[in-house]
Amino acid sequence: MAQKPLDILNGALNSPVLVKLKGGREFRGELQGYDVHMNLVLAKAEELKDGTEAKKMGTVIVRGDNVVYISP
Amino acid sequence: MAQKPLDILNGALNSPVLVKLKGGREFRGELQGYDVHMNLVLAKAEELKDGTEAKKMGTVIVRGDNVVYISP
Amino acid sequence: MAQKPLDILNGALNSPVLVKLKGGREFRGELQGYDVHMNLVLAKAEELKDGTEAKKMGTVIVRGDNVVYISP
Amino acid sequence: MAQKPLDILNGALNSPVLVKLKGGREFRGELQGYDVHMNLVLAKAEELKDGTEAKKMGTVIVRGDNVVYISP
Amino acid sequence: MAQKPLDILNGALNSPVLVKLKGGREFRGELQGYDVHMNLVLAKAEELKDGTEAKKMGTVIVRGDNVVYISP
Amino acid sequence: MAQKPLDILNGALNSPVLVKLKGGREFRGELQGYDVHMNLVLAKAEELKDGTEAKKMGTVIVRGDNVVYISP
Amino acid sequence: MAQKPLDILNGALNSPVLVKLKGGREFRGELQGYDVHMNLVLAKAEELKDGTEAKKMGTVIVRGDNVVYISP
Chain A
29 MAQKPLDILN
39 GALNSPVLVK
49 LKGGREFRGE
59 LQGYDVHMNL
69 VLAKAEELKD
79 GTEAKKMGTV
89 IVRGDNVVYI
99 SP
Chain B
29 MAQKPLDILN
39 GALNSPVLVK
49 LKGGREFRGE
59 LQGYDVHMNL
69 VLAKAEELKD
79 GTEAKKMGTV
89 IVRGDNVVYI
99 SP
Chain C
29 MAQKPLDILN
39 GALNSPVLVK
49 LKGGREFRGE
59 LQGYDVHMNL
69 VLAKAEELKD
79 GTEAKKMGTV
89 IVRGDNVVYI
99 SP
Chain D
29 MAQKPLDILN
39 GALNSPVLVK
49 LKGGREFRGE
59 LQGYDVHMNL
69 VLAKAEELKD
79 GTEAKKMGTV
89 IVRGDNVVYI
99 SP
Chain E
29 MAQKPLDILN
39 GALNSPVLVK
49 LKGGREFRGE
59 LQGYDVHMNL
69 VLAKAEELKD
79 GTEAKKMGTV
89 IVRGDNVVYI
99 SP
Chain F
29 MAQKPLDILN
39 GALNSPVLVK
49 LKGGREFRGE
59 LQGYDVHMNL
69 VLAKAEELKD
79 GTEAKKMGTV
89 IVRGDNVVYI
99 SP
Chain G
29 MAQKPLDILN
39 GALNSPVLVK
49 LKGGREFRGE
59 LQGYDVHMNL
69 VLAKAEELKD
79 GTEAKKMGTV
89 IVRGDNVVYI
99 SP
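Residue numbers (our numbering), protein chains in the order written: chain A, 29 to 100; chain B, 29 to 100; chain C, 29 to 100; chain D, 29 to 100; chain E, 29 to 100; chain F, 29 to 100; chain G, 29 to 100.
By construction, these hints were calculated from the structure, which means they are not laboratory data.
All values derive from a computational prediction rather than experimental measurement.
A virtual CB, placed ideally from N, CA and C, is assigned to each residue, including glycine.
Treat the hints with caution; some may be incorrect.
Using C-beta positions, here's what the derived DEER-type ranges look like [said to hold, decoys possible]: (1) 52(E) / 52(A): 24 to 30 Å; (2) 92(B) / 80(D): 36 to 42 Å; (3) 51(B) / 86(D): 31 to 37 Å; (4) 82(G) / 86(D): 51 to 57 Å; (5) 72(F) / 38(B): 53 to 59 Å; (6) 51(B) / 65(C): 19 to 25 Å; (7) 100(F) / 50(E): 23 to 29 Å; (8) 42(E) / 44(F): 26 to 32 Å; (9) 30(B) / 86(G): 55 to 61 Å; (10) 38(B) / 58(A): 31 to 37 Å; (11) 51(B) / 42(D): 36 to 42 Å; (12) 52(A) / 83(C): 25 to 31 Å.
Quick list of in silico lysine-lysine cross-link-like pairs, DSBU-like style, CA-CA up to 35 Å [to be verified]: (13) 50(B) / 83(C); (14) 72(A) / 72(G); (15) 72(A) / 84(A); (16) 50(F) / 77(D); (17) 83(B) / 77(A); (18) 32(G) / 83(G); (19) 32(E) / 72(G); (20) 32(G) / 50(B); (21) 77(G) / 50(G); (22) 50(C) / 72(C); (23) 83(G) / 77(F); (24) 32(G) / 84(B); (25) 72(A) / 50(F); (26) 83(E) / 32(C); (27) 50(E) / 77(E); (28) 32(D) / 32(B); (29) 50(E) / 32(F); (30) 72(B) / 83(A); (31) 72(F) / 32(F); (32) 50(C) / 83(D); (33) 50(F) / 83(A); (34) 84(D) / 50(D); (35) 50(A) / 77(A); (36) 32(E) / 72(E); (37) 50(C) / 32(C); (38) 32(G) / 83(A); (39) 83(F) / 77(E); (40) 32(A) / 72(A).
Required output: the full structure, derived from the provided sequences and hints.
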């Protein structure tokens, strides 16, 4: 049976996710919310450079149109 | 008779697909879900570099606007 | 009398088409389906480089927003 | 009195038009159809390079979002 | 009192306008029509290079998403 | 209490604003109108280069999708 | 329980936020308003260069499609 992408996002709530953005930016954080545009709320977010932690950001609201993929 | 692109996607559920993204990124994985925006859920996803496996990713939710083509 | 672009696409079903994508990518294949976004299903698709065949792809679902033009 | 752009397109049906696309591509052909997205059908289309004929294409369906301008 | 941008366009009908497009292209012509997408019809259009006349184009239908600004 | 961005624009009517566009273009002028797309009408507009006045433009209709920010 | 991204924005009203835009531009300011497009109103806004303050801007209305992320 097919699983809707937003259902998978819903199942990842309160869990750590990796978010890859257009332009190469990458965040790791705890998924606290999302909406139909794939706008995301990440808590305890860290921006990564080359796969290693670059900057602790606290809470981050990512605008969905920047998202390439999300990996729970 | 015409086949709608989303019907073909539906027929590819639970099967391996190759997904080419804008900017050259490429994934191989098992198609577990999709929606009308061509947002995709891939399980056992691998990101490919030059056609060879680069990184095992587990489950990946791809935002549809990044997709160039999907090959079941 | 005007012909709607999608009617022309409909008339090309099950026939070979050339599809030019943004970024220079080019496919040749048999048009098996389409929808209002110009998402396309190509069977026996071949990706072309410099007008010559580069890679046999089987079935390919092209997301419509990548399309520059389609030539039946 | 104002003329709607699509009315002008309608008046150009079955006449030769020049179509300039984003990225510098240019077509000349007979306008056989269009829709509200400015998707176009050109018959006897020729792709131009530097204003001179480069390639005879037959019928071409241009996706409207590539269009910069159309000159009847 | 606020004036809607399309009302200003309407007031410029049959008058000369300067139209700046994304990518640096620039037209001067008589505004003969427009629609809600800012698709434009220019009559006696001239394409400008560096502010000087480069090419007489006759009637030109500009797709609105290319427009940066219009100056009546 | 939250203020809607368009309400702030409304409060800036008939006052000078600075408008920054994608691609680095910058206008200063009197805000005479706007709509929900952030299409703007500027009167007595001046295009700025490096923060200094470059060209007097009179009235300018800016298509909203070019806007980065507006500062009243 | 999931938190909608716009609810988080609402909770940040009248508080300082960091806003990262496409193209590398960055603002710090007090969030005074927003709408469903993530158009933002920032008061006492400062544009940052390399994480340090570059220019005091007063009130700024940011068009939402430029936003990469917002950090309350």
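Quick rundown of the hints versus the structure:
no.: 1; hint: 52(E) / 52(A): 24 to 30 Å; in the structure: holds, 27 Å
no.: 2; hint: 92(B) / 80(D): 36 to 42 Å; in the structure: holds, 39 Å
no.: 3; hint: 51(B) / 86(D): 31 to 37 Å; in the structure: holds, 32 Å
no.: 4; hint: 82(G) / 86(D): 51 to 57 Å; in the structure: holds, 55 Å
no.: 5; hint: 72(F) / 38(B): 53 to 59 Å; in the structure: holds, 58 Å
no.: 6; hint: 51(B) / 65(C): 19 to 25 Å; in the structure: holds, 21 Å
no.: 7; hint: 100(F) / 50(E): 23 to 29 Å; in the structure: holds, 26 Å
no.: 8; hint: 42(E) / 44(F): 26 to 32 Å; in the structure: holds, 31 Å
no.: 9; hint: 30(B) / 86(G): 55 to 61 Å; in the structure: holds, 56 Å
no.: 10; hint: 38(B) / 58(A): 31 to 37 Å; in the structure: holds, 33 Å
no.: 11; hint: 51(B) / 42(D): 36 to 42 Å; in the structure: holds, 41 Å
no.: 12; hint: 52(A) / 83(C): 25 to 31 Å; in the structure: holds, 27 Å
no.: 13; hint: 50(B) / 83(C); in the structure: holds, 18 Å
no.: 14; hint: 72(A) / 72(G); in the structure: holds, 26 Å
no.: 15; hint: 72(A) / 84(A); in the structure: holds, 7 Å
no.: 16; hint: 50(F) / 77(D); in the structure: holds, 29 Å
no.: 17; hint: 83(B) / 77(A); in the structure: holds, 16 Å
no.: 18; hint: 32(G) / 83(G); in the structure: holds, 32 Å
no.: 19; hint: 32(E) / 72(G); in the structure: holds, 29 Å
no.: 20; hint: 32(G) / 50(B); in the structure: holds, 28 Å
no.: 21; hint: 77(G) / 50(G); in the structure: holds, 14 Å
no.: 22; hint: 50(C) / 72(C); in the structure: holds, 21 Å
no.: 23; hint: 83(G) / 77(F); in the structure: holds, 16 Å
no.: 24; hint: 32(G) / 84(B); in the structure: holds, 30 Å
no.: 25; hint: 72(A) / 50(F); in the structure: holds, 32 Å
no.: 26; hint: 83(E) / 32(C); in the structure: holds, 31 Å
no.: 27; hint: 50(E) / 77(E); in the structure: holds, 14 Å
no.: 28; hint: 32(D) / 32(B); in the structure: holds, 33 Å
no.: 29; hint: 50(E) / 32(F); in the structure: holds, 29 Å
no.: 30; hint: 72(B) / 83(A); in the structure: holds, 29 Å
no.: 31; hint: 72(F) / 32(F); in the structure: holds, 26 Å
no.: 32; hint: 50(C) / 83(D); in the structure: holds, 18 Å
no.: 33; hint: 50(F) / 83(A); in the structure: holds, 27 Å
no.: 34; hint: 84(D) / 50(D); in the structure: holds, 20 Å
no.: 35; hint: 50(A) / 77(A); in the structure: holds, 14 Å
no.: 36; hint: 32(E) / 72(E); in the structure: holds, 26 Å
no.: 37; hint: 50(C) / 32(C); in the structure: holds, 22 Å
no.: 38; hint: 32(G) / 83(A); in the structure: holds, 24 Å
no.: 39; hint: 83(F) / 77(E); in the structure: holds, 16 Å
no.: 40; hint: 32(A) / 72(A); in the structure: holds, 26 Å
Hint check: no violations occur; every hint is consistent with the structure.
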